[in-house]
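Trainee: Each of the two chains sits in its own frame; use the hints to bring them together as a complex.
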Amino acid sequence: MADDFESFVRARMSALVRYGYVLSGNPHDAADLAQEALARLGERWPRVRATGDPEGYVRTTMARLHISWWRRRRREHPVRTVPEQGYHDAGLLAADGDTGLWRAVAELPPRQRVVLVLRYFEQLTDEEIAHELGVSRVTVRSQASRALEKLRQVDNFRIAELSGR
Amino acid sequence: MRNDVEGDLARTLQAAFDVAPPPAPAFPEAVTRIRRRRRRRRSAGLTGALGALLAVVSFGVVTLRPAAAVVADFAQALDVREVWPEAVVSLPARLYGNLDYTVEAALGNDTFLVQPAERPPVLLIGSTWQTRPLDGDFRDKALSSYDITAHYLTWSTSADSGRDVFAQPRDGDAAAVYLGHLPDTDVSVAESDGVFYATASTRHGNDIDYHMYRLAAGQAPVPVSSGDGYALVSGPWAVYGTPQPGAANRLPRPWPEPSLARVLTAPRQAPTYWNVVTGQRMTPVRRASIISCTPVACVGHDNGSLVSWDADGSNEVRTSGFTMNLRDRADAFFSSSGRFVQVSTSTPRAADSEVTSNHLWDRATGKVGTLRGGMAFNVVDLDVDKSVLDLTRIR
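Protein chains in written order, with my numbering: chain A, 1 to 165; chain B, 1001 to 1395.
Extracted from the complex, chain B is given alone in its bound form (with noise of 0.2 Å):
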């Protein structure tokens, strides 16, 4: 029997810490890259539905469902691998060197932009599993943050009191740009008929100031002062940030994910998007209890029912056997057409959350699958080997 446990327990556990073997040399990279996946994940129907949009203004008509709209049956969905089996491909478990490595966008063509362990990203051909190396000068410094718009990859690596941005065309096949070093960090990339637009931040204690900056290739950023305070979340779309207290500049108003009982019972708008490229200003109209919004089309909740709408309310779909824990927090990812969305669910802590239910919504033709991992930019990692589901093979 011991007269002192207590005592003995702290000096115990602080000999435990001292004594702790250190974090891999790499712990960093791989926090880095399961963020940049999630936020990734997150950001997919946000930055690429500028696509659908710009589709539309480009070419005038866009058709993304039929007509008459098809209902889809929740309480009947299969694993999405049975719902899209021309979609799933089988990638290498490892790359070149045995290198682990995450997919992170699927640009089409059988072509897929991949992050390979402490590696800068390369394109993978899903077919022959060769890879091809970027043409980028990533200056061996840590990849920082990266977009893809419409026709180009962006990307900044972490440089002196700040980040470089580069630009390269998607298919890889021109070289890449320098577009300038941002006196700032959490750098974002829009890009229109090759002007590129950026929102960078700044922090001062526990404020956050957001710049916006018009780039190109061998010109010094350009300061975009009626953009300060907004931050790119879609394309060309930016947000407003909301005022904090005692701060000059303001955070971007976080887009919880909400429980559905306070979808139900305190609906949230969505924000007012401004086209950084266009001046364009545009607030997605509401058909039921938002659960989320891009400048394209809005899933929310409505009497039992998940909905789905184009942001300025047409279009509208109904599902049905969608059954969920009021007590759950729900959340949408919608992929670069508006095309697909991903609803998962989740119990409400966020520190120890485990995902309840997570399907894959075709909203053109109604179909819709169950799948266990989550959608990145036109991909969903099928969280089985290496196996992904290719959107952009479904027609």
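Just chain A, with the same shape it has in the complex (with noise of 0.2 Å):
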């Protein structure tokens, strides 16, 4: 593990970015979500740090902050546009990723997008999901469910992509 915040930063970076991607579904937010999730860990490093896990609470930072940066954005721009189509589409698709899904999920409200990157990414259980963000148990379960639904409709773009349909 890293001697000091900075080793830590820079050891890190990284991941940590790209779990930003994964959260936020643009490459702008992850760094800005990475950048604010690290500089307040800074600030209470030595505790952190002394919990031995400075990852999980900057991971478990990122993922409120999405939450609520997302909430005040809201109330700033009612009108969330999604882009036709992420530039990073192509390599998602090499990457055995499916892009319809992908663009789907940056469309679900950000509590739900929260759950399922807990749950299917960080493959944390339920309450482990509640008790990061929170929140009932009942609520991560019934977040999740509505997420999920809305995902199973969406076309297997990938299936459609590969087949040239």
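Hints listed in this document are in silico derivations from the structure and should not be mistaken for laboratory results.
Keep in mind that the hints are not guaranteed to be accurate.
Said to hold, decoys possible - Short derived list, chain A residues pointing at chain B, Cβ under 10 Å:
1) Glu6
2) Ser7
3) Tyr19
4) Arg40
5) Leu124
6) Val138
7) Leu148
In this text, a Cβ means the ideal position worked out from N, Cα and C, and glycines have one as well.
Mentor: Below is the structure:
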């Protein structure tokens, strides 16, 4: 584990910005999320470092920030415009991802999106997610259920694209 | 309709992680700048409070406020730009080479210490926007920390297995001197009459050891054995850490930002400070439920009012019109003289907290203003373009 804060940032920044991309769906918000969460970690570094899991602290902070920032931005920009096509669609497809599903995830409300990321990317249990986000387990399940229901309606772009449909 | 949406989702999220764009090369420096600015904001009062105290020691009498204290009315507070227009300074949006920068300190005489992106700090003249490089030898290495004492700028740079420490007079006119190599990180430096003291930490697993050194140009750092376990927090004032289970040495007790409800129901005691130069020990007197203390002054809450008082219990001042949600957290930061204090409140959860009130209070005149930005060393970032409030201009 890194000896000091600067070393930790340099060692983990790439993974954290990538995690921000999974959370937010765009590279600018990803960098902002990681930067703000790391700055907050820096303010509490000795204490968090003593817990032995500073990266977990940063990831939790990023997930919460993503939800709260979106709330604020929603007040400022009632209509959220989702680009027709993310500019990493080709890479996503090559990496065995599903571009249609990825776009649909981007359109989910942030709390639903964060729940899905924690559940299917971080592999956390619903109880752990509830603890991370400060909500009840029932809320986690209902958010996940609603999100999955929407995603089930999305065409399987990967199959469509691979088959030339 | 998908048959295995959960499997598709797990695969797609992993793919998104794999193809996500990498961070910009300057990402670590950006984080360091933000962290340093916030740490500077927190320590502004602590570090600089030394100034007033030293003045008391050196010159006998310093009057921070009129004998008859003026009550500040937070309910009628205007924007700080209207309250102290003489202190508002517009600085250039960017420096030479189109560099972004942060304002770290107001040094007086219209001079600011600023930190350009990915470059060593420079002095910026507020009226002419001219910059002057510090004479310091930064050796092209990452700046790790710096401190501002009554007469010097000190800084440390990353070096093999530790930090190299330097000092230069604040006016920038004299050459920087090399104070030595410390085999630790997280360096804080204090100075008195040309003698420098530094505390630095070494980590062993989850334990943190603090060590203290006496530094002088041309001499090897001398460990101060009686300073083991102490961390400099305010000029020459250090606090002793709190023993951790199983730890040989100590992590200084963190000063959490308490909710006001916690302040009211579980009042905190201020720590005992040890002056590494004089050997004096001092514990600020408690006059109300403490929000924050320095060796010079404290701010607290009592019966619906914000209260400030000098560390010895004198000069108690109470405010009116200060209201806040009891669930919110409260914190206070002092200017270098202890005259100004920024009092802010924010929603309770640290990870996504939002500021709910932010005031700058002049304890000498009772004036109070609202602000958006944060306080660094004698300067407030107004969070509008590159305007700052230079507290050294306020008479």
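Trainee: Against chain B, is A/Tyr19 within 10 Å by beta-carbon distance?
Mentor: Cβ of A/Tyr19 sits 7 Å from chain B, so the hint holds.
Trainee: Grab the minimum C-beta distance from A/Leu124 to chain B and call the hint holds if it beats 10 Å, violated otherwise.
Mentor: Since chain B brings no Cβ nearer than about 13 Å to A/Leu124, farther than 10 Å, the hint is violated.
Trainee: For the hint on A/Leu148, does the least C-beta distance to chain B fall short of 10 Å?
Mentor: Holds, about 6 Å.
Trainee: Holds or violated: the hint that A/Arg40 contacts chain B, with Cβ atoms closer than 10 Å.
Mentor: holds, 7 Å
Trainee: With 10 Å as the cut and Cβ atoms as the points, is A/Ser7 at the interface with chain B?
Mentor: holds, 9 Å
Trainee: Hint check: is the beta carbon of A/Glu6 less than 10 Å from a beta carbon of chain B?
Mentor: At about 7 Å, which falls below the 10 Å cut-off, the nearest Cβ of chain B leaves the hint on A/Glu6 intact, so it holds.
Trainee: Is the hint on A/Val138 kept, meaning its closest Cβ partner in chain B is under 10 Å away?
Mentor: violated, 19 Å
The structure does not agree with the numbered hints 5, 6 stated previously, though it agrees with the rest.
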